[in-house]
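Undergrad: Could you build all of it, start to finish, from the sequences and the hints given here?
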Amino acid sequence: MLRYALRQLAYLPMVLLGASLLIFLLLRALPGDPAALLAGEWATEEQVVRVRQQLHLDEPLYVQYVAWLGDLLRGNLGRSFRNGELVSTEVAARLPATVELAVPALVLGVAAGLVLGLLAATFRGTWWDNGVMVLSLAGIAVPVFWMGLMLIMLFSVKLTWLPLGGRFPAEGALTGPTGFLVLDGILAGRPAYAWDAARHLVLPVITLALFPMATVARVTRSSLLEVLQQDYIRTARAKGLARVPVLMRHALRNALIPVVTIVGISIGPLVGGAVLTETVYGWPGLGRYVVAVVIGRDFPAVQALVLFAALLFATANVLVDLSYALIDPRIRFE
Amino acid sequence: MGRATSGKVRALAIAVVLGLLAWVVVAAPGQAAPTPAPQPGGTLIFGRASDAVTLDPNDSPDTESTLVSGLIGDSLVRFKPGTLEVQPWLARSWQVLDNGTRWRIKLRDGVRFTDGTPVNAQAVEFTFKRMIDPNHPYNKYGKWNLALAIYEQLRDVKAVDNMTVDFVLAEPFAPFLTALASPRGSIVSPTAVQKDPQNFFKAPVGSGPFKVVEWRKDDRIVLERNDQYWEQVPYLERVIFRVIPENSARVLALVRGDIQAMIAIDPTSYEVLKRNAFLIVQQSPGLQHSYLAPNLLKKPFDDVRVRRALYHAINRKALVDNFWIGASLARGVMPTAMLGFHEGLKWPEYDPEKAKALLREAGLASGFKTSISTFDRGRSHTPEPAKAAQTIQADLAKVGIQVDINLLEINALLGDVRAARHDMYMAGFNPLIPDAWTIMFTQFDSRRAIIGRANNFSFYRNPEYDALNDQANQAANPRIRASIYKKMQEIIYRDAVRVDIADVDNVVAFRNVVQNLKNDPVGSFYMQYVWMKK
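Sequences listed follow chains A and B, in order.
Counting in this note's numbering, the first sequence runs from 1 upward without gaps.
Counting in this note's numbering, the second sequence runs from 1 upward without gaps.
Honestly, the hints are just simulated from the structure, not real lab data.
Some hints here could point you the wrong way.
From the structure, some residues in chain A lie toward chain B, with a derived Cβ separation under 7 Å [what the hints assert, rightly or not]: (1) P31; (2) D33; (3) A36; (4) A39; (5) A43; (6) E45; (7) Q47; (8) R82; (9) N83; (10) V157; (11) L164; (12) G240; (13) T279; (14) V280; (15) G282; (16) P284.
Straight-line C-alpha distance at most 27 Å; calculated BS3-like pairs for lysine-lysine [unchecked claim]: (17) A/K158 x B/K274; (18) B/K202 x B/K299; (19) B/K129 x B/K202; (20) B/K487 x A/K158; (21) B/K202 x B/K217; (22) B/K356 x B/K398; (23) B/K346 x B/K356; (24) B/K195 x B/K298; (25) A/K158 x B/K533.
If you anchor each label on the Cβ, the simulated ranges turn out as follows [what the hints assert, rightly or not]: (26) A/L25 x B/S380: 24 to 34 Å; (27) B/D321 x A/E226: 55 to 65 Å; (28) A/N317 x B/G452: 30 to 40 Å; (29) A/A29 x B/A419: 18 to 28 Å.
None of these values were measured; they are calculated from a predicted model.
The beta-carbon is built from N, C-alpha and C at its ideal position, and this holds for glycine as well.
TA: Structure, rendered in structure tokens:
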């Protein structure tokens with residue numbers, strides 16, 4: 001197990017190196033010369049050349065790539081093409097917002113999905129089952145921006161229970177140790193602030209949680225239904241075990257493998273969903289920043305963010321692989 | 001199939017959202033009251049779609065940045081509110097010397113930056129040298145792309161004494177005064193730059209009516225009034241620029257009162273906002289303009305009859321009504337808000353029969369084949385390039401002209417048209433310097449029709465016209481310049497050089513408690529005159 005884990009971790013730098021080369025080349029293959037874009041429509045050819053030199057875009061590709069990798073190894077993500085700010089500073093300013101949104105959304109989505117899937121499988125063919133399936137179909141099919149606007153209209157405009165977008169309570173930002181407003185509010189002994197910050201989180205988290213909830217519910221249901229057909233379940237029931245312990249101890253655990261896989265894979269859609277959710281709710285996170293830097297051809301920022309996403313995705317998948325062994329003792333990584 | 005379905009779903013979703021939006025937004029009418037005297041105090045929260053890139057006024061690359069940084073600094077001259085007329089500001093007076101190549105500017109006494117240091121000739125020299133001189137110690141902290149384009153003719157800046165500065169130009173350039181009114185020419189505090197050059201762009205120090213308190217990236221920029229402001233001390237205590245990227249969410253925030261004003265209004269929200277009695281939607285002439293430029297180097301566009309036929313063949317009004325919502329039909333080559341605009345020219349009407357007759361006269365009774373090159377996606381001056389091009393294609397087909405459409409990414413497109421590879425180019429602009437020069441020189445002079453680096457995308461070349469440009473560039477008197485530009489517009493009119501389509505208006509929506517908020521032609525706001533009714 002440990003050896004397997006170490007081997008998987010050893011692959012990680014290779015994956016990242018591949019991702020770095022891919023994004024580096026892809027960006028440069030995109031139409032749209034960043035020097036011309038930054039210099040503006042009115043720029044003369046000389047001005048475009050000057051910008052190209054400033055950004056070192058006039059050097060051969062391999063020189064640019066090696067220089068970037070060298071900086072990366074020294075922990076330097078470079079400076080933004082657009083305003084000269086350190087990319088690490090730009091990312092650090094927005095990362096807590098996205099984490100504060102995405103982690104609760106993933107937890108909520110998985111938890112709710114498990115419960116719903118369990119209900120649907122247990123009461124197969126009933127209204128429970130149909131209801132859950134319709135809900136999960138909606139969760140997959142309804143566009144995030146539309147769902148976001150509907151929730152805003154109901155809870156913020158009509159009922160006025162929740163704030164209309166934004167992240168910060170009225171009194172503004174709080175400089176705390178974690179960067180997460182709710183947590184920092186609690187740590188600073190300001191429950192009212194933490195409560196207000198949490199109210200800002202409610203709608204974006206629900207919106208972002210819908211997709212993972214829907215997929216987890218569907219997979220849990222079908223996987224459970226399959227397991228429930230197995231001989232050992234029949235044996236357990238035949239031994240006289242009650243329905244709930246059979247379901248929880250014997251069936252659910254064995255049904256979890258595809259569910260865990262789906263959770264690992266849903267990191268990708270979660271990032272995509274975060275872009276839309278952040279846009280609808282005016283949430284100042286990394287999702288919106290990604291869009292802005294891609295449109296602005298801000299190479300250093302795009303490269304850093306894609307690499308970060310690759311790292312996240314690869315790590316999540318290693319963790320998913322390892323969790324198989326924990327869930328199912330028959331799986332051995334040797 | 002999948003794409004078409006998702007398109008339908010999206011259209012349906014948008015329709016439902018808009019329906020509900022209308023239901024939420026339309027509210028009972030408010031009561032009109034007589035306008036009372038300005039009341040000090042209060043906070044104006046201003047919603048918009050994206051954040052500033054930098055707050056350094058000199059390095060501002062876009063209007064989102066300038067909207068904020070223009071309130072932090074003062075420039076030497078400014079536009080009289082609501083117009084493009086230049087008036088003294090930090091400059092008390094100016095003198096044009098050495099045949100128009102040296103501008104001597106006397107500064108206003110007693111003005112201080114918000115850090116307490118004085119606004120003097122040394123600060124002006126520092127500000128401009130930081131932008132234009134690559135050897136200046138603080139030049140490396142900025143990009144200066146637009147500033148370098150605006151101040152292209154500027155060669156040197158020298159403090160003559162404590163309150164007098166000389167600007168030395170490469171050649172006589174009358175629009176230089178207008179160029180000085182740009183927020184890129186805001187004077188910044190040298191002390192503040194020297195203290196933290198790397199981070200100056202986050203909290204710049206100028207002498208303007210407001211100062212930066214906080215910038216939470218992608219969320220808000222908080223400005224506080226400068227109580228020591230030398231002119232009208234702002235009534236508002238604070239102005240907050242909030243970023244709400246989603247159009248409908250921004251509209252809902254305005255309706256609910258979370259924000260008091262907003263810009264970036266899409267066509268559908270425009271109608272919804274107009275129906276709400278608590279809101280005011282203000283539309284005023286802007287400077288963005290769009291047009292269709294045939295390439296005169298290519299046959300048959302070298303024939304003026306063919307170019308005039310284009311004017312008669314294209315139903316410009318229908319085009320603008322459908323695809324330029326929040327815009328007006330162009331009434332000439334320049335936006336109506338620009339100084340020197342010629343009121344007296346009546347541009348050809350839509351008349352396909354007349355177009356056919358002109359084509360027959362030119363020996364093209366059976367029509368011809370050509371193409372339109374334009375942007376692959378909407379831009380502020382040309383919101384729906386593909387649909388607009390298709391409509392023109394249909395209009396021209398009626399008179400026998402067959403049109404292919406090339407939708408290209410902006411840089412590829414510019415590469416093509418600068419090299420004169422296009423037949424017709426549907427384009428638009430947001431003028432670099434809000435002066436007739438931007439259009440009359442940049443877009444029609446033969447010196448800007450050099451293949452490979454042209455801005456004169458029609459490749460119109462006329463020595464008589466060029467000579468008038470020289471006269472206009474040397475005429476420091478605005479009235480004389482305006483009369484020269486009128487003469488030039490008559491020449492362009494006679495030669496039917498291109499088909500002008502739309503003038504894009506500036507649109508701002510705000511709650512009726514907000515008083516005196518006016519969008520200037522350049523798109524900025526003088527927030528120091530704005531106040532809130534309590």
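Undergrad: Hints first: check each against the structure and report whether it holds.
TA: So, going through the hints one by one against the coordinates:
Because the smallest distance between the Cβ of A/P31 and any Cβ of chain B comes to about 4 Å, under 7 Å, the interface hint for this residue holds. Hint on A/D33 holds. Least Cβ distance to chain B is approximately 5 Å, under the 7 Å limit. Annotation: interface hint on A/A36 holds; nearest CB of chain B at approximately 5 Å, less than 7 Å. With a least beta-carbon distance of about 5 Å to chain B, the hint placing A/A39 at the interface is held under the 7 Å criterion.
Interface restraint check for A/A43: the shortest CB-CB distance to chain B comes to about 6 Å, inside 7 Å, so the restraint holds. Annotation: A/E45 was flagged as interfacial toward chain B, and the flag holds, the nearest CB pair being 5 Å apart, inside 7 Å. With its C-beta approaching chain B no nearer than about 6 Å, A/Q47 sits inside the 7 Å limit, and its interface hint holds. Taking 7 Å as the C-beta cut-off, the interface hint given for A/R82 holds, the closest approach to chain B being about 5 Å.
About 4 Å separates the beta-carbon of A/N83 from the nearest beta-carbon of chain B, less than 7 Å, and the hint is met. With its C-beta approaching chain B no nearer than about 5 Å, A/V157 sits inside the 7 Å limit, and its interface hint holds. Here the hint on A/L164 is kept, as its CB sits about 5 Å from the closest CB of chain B, short of 7 Å. Residue-level restraint check for A/G240 is violated (minimum Cβ-Cβ distance to chain B is 51 Å; threshold 7 Å).
At about 5 Å, the closest approach between the beta carbon of A/T279 and any beta carbon in chain B falls short of 7 Å, and the interface hint on this residue holds. Given the 7 Å rule on beta carbons, the hint for A/V280 holds: about 5 Å separates it from the nearest Cβ of chain B. Taking 7 Å as the C-beta cut-off, the interface hint given for A/G282 holds, the closest approach to chain B being about 4 Å. Annotation: interface hint on A/P284 holds; nearest CB of chain B at approximately 4 Å, less than 7 Å.
Between A/K158 and B/K274 the alpha-carbon distance is near 20 Å, which keeps this suggested pair within the 27 Å criterion. A threshold of 27 Å between alpha carbons decides the hint, and for B/K202 with B/K299 the separation of about 53 Å lies outside it, so the pair is violated. The hinted pair formed by B/K129 and B/K202 meets the criterion: a straight-line CA distance of about 20 Å does not exceed 27 Å. For the hint pairing B/K487 with A/K158, the CA-to-CA distance comes to about 59 Å; that exceeds 27 Å, so the pair is violated.
With a CA separation close to 10 Å, the supplied pair B/K202 and B/K217 stays within the 27 Å bound. With a C-alpha separation of about 9 Å, the suggested pairing of B/K356 with B/K398 holds against the 27 Å cut-off. Annotation: proposed proximity of B/K346 to B/K356 holds, straight-line Cα distance about 20 Å (limit 27 Å). For the hint pairing B/K195 with B/K298, the CA-to-CA distance comes to about 57 Å; that exceeds 27 Å, so the pair is violated.
The suggested pairing of A/K158 with B/K533 holds, with an alpha-carbon distance near 26 Å, which does not exceed 27 Å. Between A/L25 and B/S380 the beta carbons are some 32 Å apart, a value that agrees with the proposed interval 24 to 34 Å. Evaluation of the 55 to 65 Å hint for B/D321 and A/E226 yields a pass: the beta carbon distance comes to about 60 Å. Our hint of 30 to 40 Å for A/N317 and B/G452 is violated, since their Cβ atoms are close to 50 Å apart.
Taking the beta carbon of each, A/A29 and B/A419 are about 22 Å apart, inside 18 to 28 Å as hinted.
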